[in-house]
Every structure is written in C-alpha cells, then in structure tokens.
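> Based on the hints, put chain C in the right spot on chain G.
Top line first, the protein sequences correspond to chains G and C.
Residues 521 to 631 in the working numbering are what the first sequence lists, from first letter to last.
Residues 11 to 124 in the working numbering are what the second sequence lists, from first letter to last.
Careful, some of the hints might be misleading.
[Unchecked claim] Once the Cα atoms are required to be at most 25 Å apart in a straight line, the calculated DSS-like pairs of lysine-lysine come out as:
{"#": "1", "chain 1": "C", "residue 1": "Lys75", "chain 2": "G", "residue 2": "Lys589"}
{"#": "2", "chain 1": "C", "residue 1": "Lys17", "chain 2": "G", "residue 2": "Lys562"}
{"#": "3", "chain 1": "G", "residue 1": "Lys618", "chain 2": "G", "residue 2": "Lys589"}
{"#": "4", "chain 1": "G", "residue 1": "Lys618", "chain 2": "G", "residue 2": "Lys562"}
{"#": "5", "chain 1": "G", "residue 1": "Lys562", "chain 2": "G", "residue 2": "Lys599"}
{"#": "6", "chain 1": "C", "residue 1": "Lys75", "chain 2": "G", "residue 2": "Lys579"}
[As the list claims (entries may be wrong)] Some chain G residues well away from chain C (every beta-carbon gap over 12 Å; in silico):
{"#": "7", "residue": "Glu521"}
{"#": "8", "residue": "Glu529"}
{"#": "9", "residue": "Arg532"}
{"#": "10", "residue": "Glu537"}
{"#": "11", "residue": "Ser539"}
{"#": "12", "residue": "Asn542"}
{"#": "13", "residue": "Val547"}
{"#": "14", "residue": "Glu565"}
{"#": "15", "residue": "Gly574"}
{"#": "16", "residue": "Leu582"}
{"#": "17", "residue": "Thr585"}
{"#": "18", "residue": "Lys599"}
{"#": "19", "residue": "Pro600"}
{"#": "20", "residue": "Asp602"}
{"#": "21", "residue": "Gln611"}
{"#": "22", "residue": "Thr620"}
Because the hints were derived from the structure by calculation, they are not lab data.
Being a predicted model, the structure only gives us computed values, none of them experimental.
Beta carbons: idealized from backbone N, C-alpha and C, even for Gly.
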Amino acid sequence: EDQVTQSPEALRLQEGESSSLNCSYTVSGLRGLFWYRQDPGKGPEFLFTLYSAGEEKEKERLKATLTKKESFLHITAPKPEDSATYLCAVQASGTASKLTFGTGTRLQVTL
Amino acid sequence: SAVISQKPSRDICQRGTSLTIQCQVDSQVTMMFWYRQQPGQSLTLIATANQGSEATYESGFVIDKFPISRPNLTFSTLTVSNMSPEDSSIYLCSVEGVNVNEQFFGPGTRLTVL
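Bound-form chain G, shown alone (with noise of 0.2 Å):
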C-alpha cells in the first residue's frame, strides 16, 4: 500500500528564515511526486511534480527536491504570504492516475 508521510506537522517561521519541509514516502513505482499548497477553505494548488531522484524544480522562493524515498519543499526567505498548508502526494505506476495524500505540513511565516 502507498504511503506518505510529511514533517513536522506544522513549522513556525519568521520572515526570511529558511527552512525544509519533508515528504517521506513508500510506493509500488513511483510515476511522479506531487506537491501543493492549500490555503484555508480552498483547494489544493499545483506546485509541482517530480518524477525520478535527482530531480529539482523552483518557484519562487520554493524548492523541491526528490531522493528514492523522500522529497524536501524547501522555502528560502519566507514571507508571510507564503503561510499555508503545503501537501505532499504520489502518484504510482499503473493507477491510473490516482494521488496518494499525506496529511500535509502547517506552516505560519509571521513578521
């Protein structure tokens, strides 16, 4: 069974401290590693995907990085926009496109 696991649970920040969430996960072939943010009484919005280890991608002050067993989103120079839950999932091979969620990481950027 495909699992995802993310920490912490919720990250405290001042504007401008960097810091890594992490996504650790097991999956029967990975096909891709989603990443979103969720701000409250909202959906979920696309960040990015990340399909084998090695792999980065950016945006903006965030960075996501992939291994074979986890993924780090990491947020340099945070402000406070950037407060939000961000989410984690996989997608494995084979079926058909169904995302696997951990519960997500809680972060507040404060002044």
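Below, chain C alone, put in the same frame as chain G:
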C-alpha cells in the same frame, strides 16, 4: 491550468438526506476525480469518473453511498446519500491537465451533517 468550479461551496444538511455536488470545468477533460478531505486528515480519493463509463470506486467507497454522474467532458456530479455526521467533510473534484502528470483541484464543497 484548468479552471474548476463547484456548487454548492458549502451546505448544512440533516442526517438521512442526500446532497448532490456539481463540478464544472472550463475545458474538456478525460478523467475527473472526487476526493474527500476530513478534518485533520489527508485527501482521500473516492472515485474516478470517465465520460461514458461507470465510475471506478476506491476501497471503502461504494456506488450506493456516493453515486457519480459524468454526462459530458466538462461536468460531473457526486451525490452523498443517506448522510450521517461522519460524512461531514470537504469534497473536492480534480482533473488532469494537458500534462497528465498535473492534477488541478476545484475549490471544494464544505459539508456539515447534523
């Protein structure tokens, strides 16, 4: 990316009743997905809906409880039947993008069952 809308955005219902949630996409898509997000838990796939065929349900979800329609390539409905307080949740539809390894989500429907 696809623009997805859902109706209603939220509702409060009595136990034993049913609610139908609509999902509309601004472009034609092959696959649509329905997820549930219970308080404090991760998103869980309920079923996959392809146009012209019956929906495929995940383990733990059955058609009698969550009937789904997919009448065309831009629209789907999910009905939550014979509701109980345990069905209180956010229900989300999603679609694949042009790149099949991108999935986009609607804003969700927040359901409270009393």
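> It remains to establish, for every hint, whether it holds in the given structure.
Results of checking the hints against the structure:
1. C:Lys75 / G:Lys589: 36 Å, violated
2. C:Lys17 / G:Lys562: Since the Cα atoms of Lys17 of chain C and Lys562 of chain G sit roughly 13 Å apart, the hinted pair holds (cutoff 25 Å).
3. G:Lys618 / G:Lys589: 19 Å, holds
4. G:Lys618 / G:Lys562: 21 Å, holds
5. G:Lys562 / G:Lys599: 20 Å, holds
6. C:Lys75 / G:Lys579: 40 Å, violated
7. Glu521: The claim is violated: Glu521 of chain G sits with its nearest Cβ about 10 Å from chain C, within 12 Å.
8. Glu529: Given that some Cβ of chain C is not farther than 12 Å from that of Glu529 of chain G, nearest at about 10 Å, it is violated.
9. Arg532: Nearest chain C Cβ is 18 Å from Arg532 of chain G, so the label holds.
10. Glu537: Given a closest Cβ separation of 26 Å, the condition holds.
11. Ser539: 22 Å, holds
12. Asn542: Consistent with the label, Asn542 of chain G stays out of reach of chain C, its closest Cβ about 15 Å off (over 12 Å).
13. Val547: 14 Å, holds
14. Glu565: 8 Å, violated
15. Gly574: 17 Å, holds
16. Leu582: 16 Å, holds
17. Thr585: Given a closest Cβ separation of 17 Å, the condition holds.
18. Lys599: 23 Å, holds
19. Pro600: Holds, because the least Cβ-Cβ distance between Pro600 of chain G and chain C comes to about 22 Å, which exceeds 12 Å.
20. Asp602: 19 Å, holds
21. Gln611: 7 Å, violated
22. Thr620: Incorrect as stated: the minimum Cβ-Cβ distance to chain C is 8 Å, not above 12 Å.
Going through the hint list in order, the structure does not satisfy hints 1, 6, 7, 8, 14, 21 and 22.
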